[in-house]
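Number of protein chains: 2
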Amino acid sequence: MNPVYPTLENIKEAHTRIKSYINRTPVLTSSALNEMFGIDFYFKCENFQKIGAFKYRGATNAVRLLSDSEAEKGVATHSSGNHAAALSLAAQKRGIPAYIVMPKNAPEIKKIAVEGYGAKITFCEPTLEAREETLEKVQKETGAAFIHPYNNFNVICGQGTAALELLEDYPFLDIVIAPVGGGGLLSGTAVTTKSVNPGIKVFAAEPLNADDAYRSFKQGTIAPAVKPNTIADGLLTSLGSITFPIIQQHVDDIITAKEETIVRAMRLIWERMKIIIEPSSAVPLASVIENISLFKGKKVGIILSGGNVDLNHLPF
Amino acid sequence: MNPVYPTLENIKEAHTRIKSYINRTPVLTSSALNEMFGIDFYFKCENFQKIGAFKYRGATNAVRLLSDSEAEKGVATHSSGNHAAALSLAAQKRGIPAYIVMPKNAPEIKKIAVEGYGAKITFCEPTLEAREETLEKVQKETGAAFIHPYNNFNVICGQGTAALELLEDYPFLDIVIAPVGGGGLLSGTAVTTKSVNPGIKVFAAEPLNADDAYRSFKQGTIAPAVKPNTIADGLLTSLGSITFPIIQQHVDDIITAKEETIVRAMRLIWERMKIIIEPSSAVPLASVIENISLFKGKKVGIILSGGNVDLNHLPF
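From first to last, the protein sequence lines are chains A and B. Each residue of the first sequence is one higher than the one before, starting from 9 at the first, in this note's numbering. Each residue of the second sequence is one higher than the one before, starting from 9 at the first, in this note's numbering.
Where hints are given, some of them may not hold.
No copy is singled out in the list; a pair is fine if it fits within one copy or between any two copies.
SDA-like, lysine to any residue: derived pairs with alpha carbons at most 20 Å apart [unchecked claim]:
hint, residue 1, residue 2
1, 119, 280
2, 27, 39
3, 27, 131
4, 118, 279
5, 118, 280
6, 209, 306
7, 101, 44
8, 118, 41
9, 20, 262
If you are wondering where the hints come from, they were derived from the structure by calculation, not from laboratory data.
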């Protein structure tokens, strides 16, 4: 049995396990943004990760850890987003089947991506109930292992490897910031950062319009996301039973940003850094802008979580 | 007096002169694009260069080579594009004035960029005649040195440093491709590449709708651009008296691409590589797509010339 809470040792083992499959993404800096805000930024570019998001780290770690007999039955999940693409590609690379349950109204572009990685899609009604029921049915039929998008020990360990690489490249950071949805990236980032150097502050960034992690953190119990309405569509989910205690223990604070600041931050990164990030990836910079006094003069590492946007539907 | 044609030695000297001022831009690869076309691509990302384009290399070299007495009178050019921004920032960094002649109908975004770098703009009617007259007037009044955007020995040497870095990182390339407008980037790239390794082929890529370099190369005399009509707005100019002979001597061939292929290639790079490039930078990949048999199975270096696009006016 795995322990419930990952340690730095687990995350280092995950890194050794996955590093030949993932991209070692670059850390970019921008003198324009540094001058604009009086902060030294270090952007870990997971938008350059395979499938365009950090999710490939966790999915690869989980898929590689399956025994041969588990693996041959395949993996399954319900998701229409980056985790579905990540799990599909990770399964394809191991030569095993992936079964993805997806709401039938999911964007065409996401269906095509997942099919392109050779996964089998089962469509369902667009409700959480239908998703879970359909997933259960798929698992029963196939015996596939369910890989949860974030509330999964091995997935968290994989996600923590992004911060591990960031701190290998730039050990002198004062602060590390990750966006928070279900908390997979954040909990992995927090364990890594605080274990490498407890003096580095870890902040989570969340859209004000989907501030369930903020509320959970303040009240000490998991608050569900209530009708979240944000352009940062990767951050709609609630914290999980594994991710929340890790976040309580290792995260210094959660800060939020308004929708218009998220769009402004996204556009700033596109225009000044010439890289494509998805709205969820802009939430850390947006939260810095809205809480600037915490960051002035500091060396701030930001994990840019992904770059999958539909160019036909940009917010600017 | 400088010799008319730069040598590798001149380009190496330029690199030593400018390297503390410029970004050493990364070379990115994309397994998605490699698999899609059966080619190993190596993209030299000058969209990440200061001011968002390779032009900062040549402008910096030219500005740094001025004597103190020349420099204190400043530099001047007529341009509404990347060269204007590049010259303005290079002048600002040396602490000298820059005078930019710009057609009064230039996009607001370009005026703001140049003013942001502290240059003084003089507006003129949007004709070549008016530009040249106004520039002459500005030079008479200020004594500023005219830095031509491409038909200038020192500018060409600066532009050649991008290929120098590319070949330092990846000496085993089979082919190097640069886009061609006035030929500053292309002639610098060609001298560098053929001097480092004459076995590497050098191709130029040009929009079919602005194929004056192609026609010049085939007929052996400079053909003017006749009503060029292309989305690749950095490639509208004609070859110069210095750039053309270098291109004749060192470039293996010029290939072209249709407008729809340029837009397709631009979108492919945005979507698959998650980086922002301007249309001119997509012309090499577009030309590869239209002439695929020349490149199959080869290691191909492509210089992505810049990333300055107006996000309010995208072609997709």
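Cross-check of the supplied hints:
1. 119 / 280: Answer is between; shortest inter-copy Cα gap is 16 Å, intra-copy 32 Å.
2. 27 / 39: between (30 Å within a copy, 16 Å between copies)
3. 27 / 131: neither (33 Å within a copy, 55 Å between copies)
4. 118 / 279: between (26 Å within a copy, 13 Å between copies)
5. 118 / 280: between (28 Å within a copy, 14 Å between copies)
6. 209 / 306: Answer is within: at 11 Å inside a copy they meet the 20 Å cutoff, but 47 Å across does not.
7. 101 / 44: between (43 Å within a copy, 17 Å between copies)
8. 118 / 41: between (32 Å within a copy, 19 Å between copies)
9. 20 / 262: Classified as neither: same-chain Cα gap 26 Å, cross-chain 50 Å, threshold 20 Å.
Going through the hint list in order, the structure does not satisfy hints 3, 9.
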